[in-house]
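J.: Residue strings, one per chain:
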Amino acid sequence: MAKVPSPQELAKIDLRPPAKGWTEVKPEFRPGNYCNAAGAKWLEMVSYPYPRSWSVADDDWQLPPNWKEIILQQMEDRLSRFRSLKLFFDICVRCGACADKCHFFLGTGDPKNMPVLRAELLRSVYKRYFKPAGKILGELAGARDLNEDVLKEWFYYLHQCTICRRCSLFCPYGIDMAEMTILGRELLSSVGINIEWAMASVASCYTRGSHIGAPPQAYVDMIDFLAEENERITGISTPVTYNRKGAEILFITPSGDYFADPGTYTLMGYLLLFKYLDLDFTMSTYAAEGGNFGWFISHEMGKRLNKKFYEEAKRLGVKWILGGECGHMWRVCNQYMETWNGPADFLEVPKSPITGTVFENARVHKMVHISEFTADLIKHGKLKFDTSRNEHIKLTFHDSCNPARAMGIFEEPRYIIQNILPEGHFFEMPPNTIREKTFCCGSSAALNADEYMETRMKGGFPRATAVRHVHEKYGVNHLGCICALDRATLPTLMQYWVPEVDVTGITEMVGNALVFPDEIERTTDLRDRPLVGFEEAEEEEEAE
Amino acid sequence: MTNFFKMHFFVPLAAVLGLVAIAYFGAQANLTWVFGVAIPYLTILIFFEGLIYRIVYWVRSPVPFRIPTTAAQQRSLPWIEKTVQDKLDNPDNFFQVVGRMALEVLAFRSLFRNTRTEVRKDPDYPEGARLVHWSYKWLWLGAIAFHYAFLLVLLRHLRFFSEPTWAFVHNLEVVDGFVQFYTPVVYLTDIILLTALTYLLARRLFNPAMRYISLAADYFPLFLILGIGITGFILRYFVRTDITAVKQLAIGLVTFHPVMPAGLSPLFFTHLFLVCVLFAYFPFSKLMHMPGVFLSPTRNMANNNRWVHYENPWNYPVKYHTYMDQENEYRDAMYEAGIPLEIPPETAEEKEQ
Numbered sequence: 001m002a003k004v005p006s007p008q009e010l011a012k013i014d015l016r017p018p019a020k021g022w023t024e025v026k027p028e029f030r031p032g033n034y035c036n037a038a039g040a041k042w043l044e045m046v047s048y049p050y051p052r053s054w055s056v057a058d059d060d061w062q063l064p065p066n067w068k069e070i071i072l073q074q075m076e077d078r079l080s081r082f083r084s085l086k087l088f089f090d091i092c093v094r095c096g097a098c099a100d101k102c103h104f105f106l107g108t109g110d111p112k113n114m115p116v117l118r119a120e121l122l123r124s125v126y127k128r129y130f131k132p133a134g135k136i137l138g139e140l141a142g143a144r145d146l147n148e149d150v151l152k153e154w155f156y157y158l159h160q161c162t163i164c165r166r167c168s169l170f171c172p173y174g175i176d177m178a179e180m181t182i183l184g185r186e187l188l189s190s191v192g193i194n195i196e197w198a199m200a201s202v203a204s205c206y207t208r209g210s211h212i213g214a215p216p217q218a219y220v221d222m223i224d225f226l227a228e229e230n231e232r233i234t235g236i237s238t239p240v241t242y243n244r245k246g247a248e249i250l251f252i253t254p255s256g257d258y259f260a261d262p263g264t265y266t267l268m269g270y271l272l273l274f275k276y277l278d279l280d281f282t283m284s285t286y287a288a289e290g291g292n293f294g295w296f297i298s299h300e301m302g303k304r305l306n307k308k309f310y311e312e313a314k315r316l317g318v319k320w321i322l323g324g325e326c327g328h329m330w331r332v333c334n335q336y337m338e339t340w341n342g343p344a345d346f347l348e349v350p351k352s353p354i355t356g357t358v359f360e361n362a363r364v365h366k367m368v369h370i371s372e373f374t375a376d377l378i379k380h381g382k383l384k385f386d387t388s389r390n391e392h393i394k395l396t397f398h399d400s401c402n403p404a405r406a407m408g409i410f411e412e413p414r415y416i417i418q419n420i421l422p423e424g425h426f427f428e429m430p431p432n433t434i435r436e437k438t439f440c441c442g443s444s445a446a447l448n449a450d451e452y453m454e455t456r457m458k459g460g461f462p463r464a465t466a467v468r469h470v471h472e473k474y475g476v477n478h479l480g481c482i483c484a485l486d487r488a489t490l491p492t493l494m495q496y497w498v499p500e501v502d503v504t505g506i507t508e509m510v511g512n513a514l515v516f517p518d519e520i521e522r523t524t525d526l527r528d529r530p531l532v533g534f535e536e537a538e539e540e541e542e543a544e
Numbered sequence: 001m002t003n004f005f006k007m008h009f010f011v012p013l014a015a016v017l018g019l020v021a022i023a024y025f026g027a028q029a030n031l032t033w034v035f036g037v038a039i040p041y042l043t044i045l046i047f048f049e050g051l052i053y054r055i056v057y058w059v060r061s062p063v064p065f066r067i068p069t070t071a072a073q074q075r076s077l078p079w080i081e082k083t084v085q086d087k088l089d090n091p092d093n094f095f096q097v098v099g100r101m102a103l104e105v106l107a108f109r110s111l112f113r114n115t116r117t118e119v120r121k122d123p124d125y126p127e128g129a130r131l132v133h134w135s136y137k138w139l140w141l142g143a144i145a146f147h148y149a150f151l152l153v154l155l156r157h158l159r160f161f162s163e164p165t166w167a168f169v170h171n172l173e174v175v176d177g178f179v180q181f182y183t184p185v186v187y188l189t190d191i192i193l194l195t196a197l198t199y200l201l202a203r204r205l206f207n208p209a210m211r212y213i214s215l216a217a218d219y220f221p222l223f224l225i226l227g228i229g230i231t232g233f234i235l236r237y238f239v240r241t242d243i244t245a246v247k248q249l250a251i252g253l254v255t256f257h258p259v260m261p262a263g264l265s266p267l268f269f270t271h272l273f274l275v276c277v278l279f280a281y282f283p284f285s286k287l288m289h290m291p292g293v294f295l296s297p298t299r300n301m302a303n304n305n306r307w308v309h310y311e312n313p314w315n316y317p318v319k320y321h322t323y324m325d326q327e328n329e330y331r332d333a334m335y336e337a338g339i340p341l342e343i344p345p346e347t348a349e350e351k352e353q
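Taken in sequence, the protein lines are chains R and G.
For the first sequence, counting from 1, position 77 maps to 77 in our numbering; every step adds exactly one.
For the second sequence, counting from 1, position 246 maps to 246 in our numbering; every step adds exactly one.
If you're looking for bench data, these hints aren't it; they were derived computationally from the structure.
Any given hint might turn out to be false.
[Unchecked claim] Using 27 Å as the maximum straight-line C-alpha spacing, the simulated DSS-like pairs for lysine-lysine come out as follows:
{"hint": "1", "chain 1": "R", "residue 1": "Lys12", "chain 2": "R", "residue 2": "Lys437"}
{"hint": "2", "chain 1": "R", "residue 1": "Lys319", "chain 2": "G", "residue 2": "Lys319"}
{"hint": "3", "chain 1": "R", "residue 1": "Lys437", "chain 2": "G", "residue 2": "Lys121"}
The model shown is predicted, which means the values in this text are computed figures rather than measured ones.
The shape of chain R in the complex, shown without the other chains (with noise of 0.2 Å):
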């Protein structure tokens, strides 16, 4: 793996762009800026097309002979079945209004990752083959024929979005580069230029039910791990039950919340916020992943993968789905789900069983919300928190951007984290970003790999800056998010540009906050670290 460079070295961005025009300047592959070839293996198990073994860094990428029939010929079919893609191609004007708002962009300085330019990076292929002023005017009508050079690029640049809307949302006619990009990844599908990362996430998903590909028995065994670590910490036990049938709630959560740390701590405060009300819930080791690596590579691969929860709620006879803390998976579920692999009518209304709230605007798709659904207990007051145990943590909030400008899920989440922290412990990061205007992780849509952490660590800069801001400011040390990509990428990105902040999921802190009936003497919050007041005990322990 390549050596990251230092945070001073990154931090020296150059927005200029260069004197040479950007028709005639080529990516660059070098270790850290790119992420690996996928593995044939990976392809064949989902049937992806092209399987083969080849590396980015190498001149011939092996493409099927045809490749670039392929590529118009699946281009043409795109551009019937997807509007978004003909208005995105046809009426951009070039305002530049995008330019400065992709993290990319202001990690990097690289032009081409303007929205602007790197839709212009496909753009100027449409107009070459589809629009008669390309095909008579050329280059003078931005056109550009479709060769190896291209293609490269497009891998290069479609891998430096990570989906997350930004751009669209200051765009005058909305324009959406997150739309393009995964079209363009499509269109490199078709000819099998795929990424490790993503087709091995995919795939494991596909067969076994979770990105990091662990059997069912293994889903098991890291669930019931989580749970012993709540009642060796809590005193209360907080048993799962997997694919249980006649259950009442189905909960689906991603991988990152039972695989990794800090994820593992939100999938503890889960767990006890469910002992908490007695909740008749269970997991399954079918729909084992909320996140859906698919959606990263096609429409159709995403739809492939969420096709499992419904299919697994229909199979136990759930009344309804609950779901974790998570970006991706909730653009999925709000904006494709339904519309993919519905109707839902075998499941009912999603109702609380202990409030008795209806989730009206889950009336048709049935899934709820971690963060509505802790809100909405919280105002009938049906949970009792001592804020103290949270006292140790300073928290900003970070909207994370597919439930961000996907979904519009902002207020709930600051609702719960005001009730769960003691007064004055929340503070936002700068206005331009946040909610709305929040800036990506850097490191989502597949690109979580440890081979491309410099463009990562380049890309999550406008975060990380902003996290540094608050630090600097009011001491700010936990930086809370509701996605579990963030919760892989973020303490990576910390690690690096802000080391002095933890990563922490918002149901975390609910769990830690909890106060159980028969709970045992707190001196440690989910992480085992004192809480305020306990740290002498805590060393004198250690000194024994």
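Guided by the hints, dock chain G onto chain R, whose structure is given.
T.: Okay, now just chain G, sitting in the frame of chain R:
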């Protein structure tokens, strides 16, 4: 200066100058019927046909998913109030969508949100730099000034097409000419239009990132509209034009009894020709953002997927991994882990035998 910029800047400039020359000298060469009648009619044909063709081309493709970009709080629990702004920035029903679109089209809502971001050196930060963001309304102001001024100028031209001049056109002229400091009365919209155009051109030239991304297709309409604005400006304020003659021509055109009055200057035909070129060019260019914005799926859809079903017309069944696929592969291990099964291991073995 690169070749890329040279090509994309100078070719459209030369093209517009060429168009000016064609019309100017063509009108002097007794081609007034061509420039005054034939080309305007042809233009109208191209404009409407092209416009309809492109819109039909778009609409032939469906919108498979409901993908609004949400810019404010969703509809969720009843006590989480949606403010008026929330409703307009994250609409969840038809009327709110109409509101959002109205704001977008009439007030350029998204552009109003614009920010600027800069990298600043900061010795207090360990990494030595930070990003600074601030609200940036200049592009919004330039764009909205240009569009409204252009619209008003266009509407004022209706005086040539109506006999007697419609009252609202006359009122427009009175309001527009409110500030009287010169004869003939100077219309504010003329000044605003030319100033805004100059700003829009200048930012493409002097902002390095803008210069980098700008194509011929961006400069050409700017030069063209500038050409229209400048010739129009000269015709109104410096070269006295026979307005009665212009009106005769215009009325002749719209009543399909074209006449060619004498006394129209070559400059007038140049102005008219550039307008024709703009209309004929419109359906094939980025100017189609005007009808396009109404169709934009990230703006014109309600964020109500969770309670109103949305149908994808080409939704097709996909191959997926079933639960039984999982159980068949891991039955024994699942059994050992105490996970409930559809078919217990013994039964499964019997079946195999």
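J.: Look at each hint and say if it fits the structure.
T.: Going down the list of hints, with the structure as the test:
no., hint, verdict
1, R:Lys12 to R:Lys437, "24 Å, holds"
2, R:Lys319 to G:Lys319, "26 Å, holds"
3, R:Lys437 to G:Lys121, "23 Å, holds"
Of the numbered hints listed earlier, not one is contradicted by the structure.
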